[in-house]
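Engineer: Quick note: to get the numbering used here, add 35 to the position in the sequence shown (first position is 1).
Keep in mind the hints are simulated off the structure, nothing from the lab. Treat the hints with caution; some may be incorrect.
[Unchecked claim] SDA-like cross-link-like pairs, simulated, lysine to any residue; straight-line CA separation at most 25 Å:
#: 1; residue 1: 308; residue 2: 270
#: 2; residue 1: 86; residue 2: 126
#: 3; residue 1: 120; residue 2: 172
#: 4; residue 1: 86; residue 2: 117
#: 5; residue 1: 86; residue 2: 73
#: 6; residue 1: 120; residue 2: 99
#: 7; residue 1: 120; residue 2: 135
#: 8; residue 1: 120; residue 2: 69
#: 9; residue 1: 86; residue 2: 51
#: 10; residue 1: 308; residue 2: 172
#: 11; residue 1: 120; residue 2: 158
#: 12; residue 1: 308; residue 2: 176
#: 13; residue 1: 120; residue 2: 80
#: 14; residue 1: 120; residue 2: 166
#: 15; residue 1: 120; residue 2: 74
#: 16; residue 1: 120; residue 2: 170
#: 17; residue 1: 120; residue 2: 89
#: 18; residue 1: 120; residue 2: 176
#: 19; residue 1: 120; residue 2: 146
#: 20; residue 1: 86; residue 2: 57
#: 21; residue 1: 308; residue 2: 265
#: 22; residue 1: 308; residue 2: 268
#: 23; residue 1: 120; residue 2: 151
#: 24; residue 1: 120; residue 2: 96
#: 25; residue 1: 120; residue 2: 79
#: 26; residue 1: 120; residue 2: 137
#: 27; residue 1: 120; residue 2: 84
#: 28; residue 1: 120; residue 2: 97
#: 29; residue 1: 86; residue 2: 134
#: 30; residue 1: 86; residue 2: 114
#: 31; residue 1: 120; residue 2: 143
#: 32; residue 1: 120; residue 2: 92
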Amino acid sequence: MRWYDAAGRETRGETRYDDGQRETYVLDAGNTASWSRVGHDYDASGALLRKSVQYDDGRSVTTDYQPGSTAFTRTTQGTADGVYKMEFVAEDGSRDVLRYRDDSDGGWNTDSRHYNADGEVTLIYNRFGLDSFTQHFDAGDHLAWSRYAFNDTYRDDGVQTTTLSFDEGGRLVTGIDRPGWGAPEGFPTPNPWAAQGRVTDARDELAWRYVVNDDGTVREQLGQLDWQVRHDACGCVTERSADLGNGVTLLVDYDTARTENWSAQVTLRDAAKGADFYAAAFTDDGGLQVLLSPSQPADWIA
Numbered sequence: 036m037r038w039y040d041a042a043g044r045e046t047r048g049e050t051r052y053d054d055g056q057r058e059t060y061v062l063d064a065g066n067t068a069s070w071s072r073v074g075h076d077y078d079a080s081g082a083l084l085r086k087s088v089q090y091d092d093g094r095s096v097t098t099d100y101q102p103g104s105t106a107f108t109r110t111t112q113g114t115a116d117g118v119y120k121m122e123f124v125a126e127d128g129s130r131d132v133l134r135y136r137d138d139s140d141g142g143w144n145t146d147s148r149h150y151n152a153d154g155e156v157t158l159i160y161n162r163f164g165l166d167s168f169t170q171h172f173d174a175g176d177h178l179a180w181s182r183y184a185f186n187d188t189y190r191d192d193g194v195q196t197t198t199l200s201f202d203e204g205g206r207l208v209t210g211i212d213r214p215g216w217g218a219p220e221g222f223p224t225p226n227p228w229a230a231q232g233r234v235t236d237a238r239d240e241l242a243w244r245y246v247v248n249d250d251g252t253v254r255e256q257l258g259q260l261d262w263q264v265r266h267d268a269c270g271c272v273t274e275r276s277a278d279l280g281n282g283v284t285l286l287v288d289y290d291t292a293r294t295e296n297w298s299a300q301v302t303l304r305d306a307a308k309g310a311d312f313y314a315a316a317f318t319d320d321g322g323l324q325v326l327l328s329p330s331q332p333a334d335w336i337a
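Make the full structure from the sequences, and use the hints.
Structural biologist: Here it is as structure tokens:
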């Protein structure tokens with residue numbers, strides 16, 4: 036079925052199917068709106084399945100619905116800046132927003148974000164050509180850290196960096212040295228070290244630094260903190276701990292007995308809750324074994 040105005044211009048239409056489904060559309064015949072066409076698709080029960088809008092500026096926005104649910108998916112394409120956008124909204128109100136472009140004129144190819152039901156961003160993922168950068172956020176301020184960020188190993192210098200920022204100042208930064216993208220097996224790494232970690236206190240001053248060199252030797256640097264130290268029967272330091280002054284306690288364990296595959300393990304503890312929320316072991320092969328609690332998709336073993 037088609038409808039026309041007095042000037043003979045088509046204004047709307049409807050198609051009905053044998054199974055009860057139907058499609059309708061409205062046209063801006065007089066060119067008085069910012070859109071040219073709005074379409075609706077319904078199932079046999081009359082529930083809306085899809086709404087599509089074509090705008091005069093070339094954009095098209097399509098929204099897909101799930102009958103019996105408040106969840107929906109919205110897709111936008113044909114924007115002037117060449118950005119394609121998809122938005123997934125769940126029943127609880129949380130949503131994922133994905134944007135991507137064919138070029139990197141805007142500095143990125145892909146931008147993906149997750150928002151909780153309160154509208155707070157909890158995850159941002161960006162890809163820049165072969166590089167990527169991921170950030171996790173403590174929405175609602177439930178944890179002792181506010182931001183956990185890391186890049187992949189595709190950068191030209193081959194370094195994978197992870198940064199954990201504390202609520203009341205200070206941070207932990209770790210680095211893994213790897214050959215750049217496309218380097219053949221056995222290709223030397225850009226730096227003389229294999230892995231390193233650095234923790235700063237509430238004033239962002241050095242609290243602890245640990246470096247595993249390519250030759251297997253290690254270097255440790257301690258900040259001016261009130262360290263509590265434990266020793267084994269031989270007098271070797273097996274553990275040291277200190278208050279960072281920001282609600283976080285730093286603990287470092289050493290494998291003096293050489294029964295583990297790591298030389299040192301750093302642990303971060305929420306002083307108020309008495310719960311460990313981060314651990315990183317510096318392995319003998321120059322890697323890092325990392326665990327963040329509560330667990331994140333970023334947990335990795337390098």
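Engineer: Can you name, in rising order, the numbers of the hints this structure does not satisfy?
Structural biologist: When the structure is compared with the hints, numbers 1, 13, 18, 22, 25 turn out to be violated.
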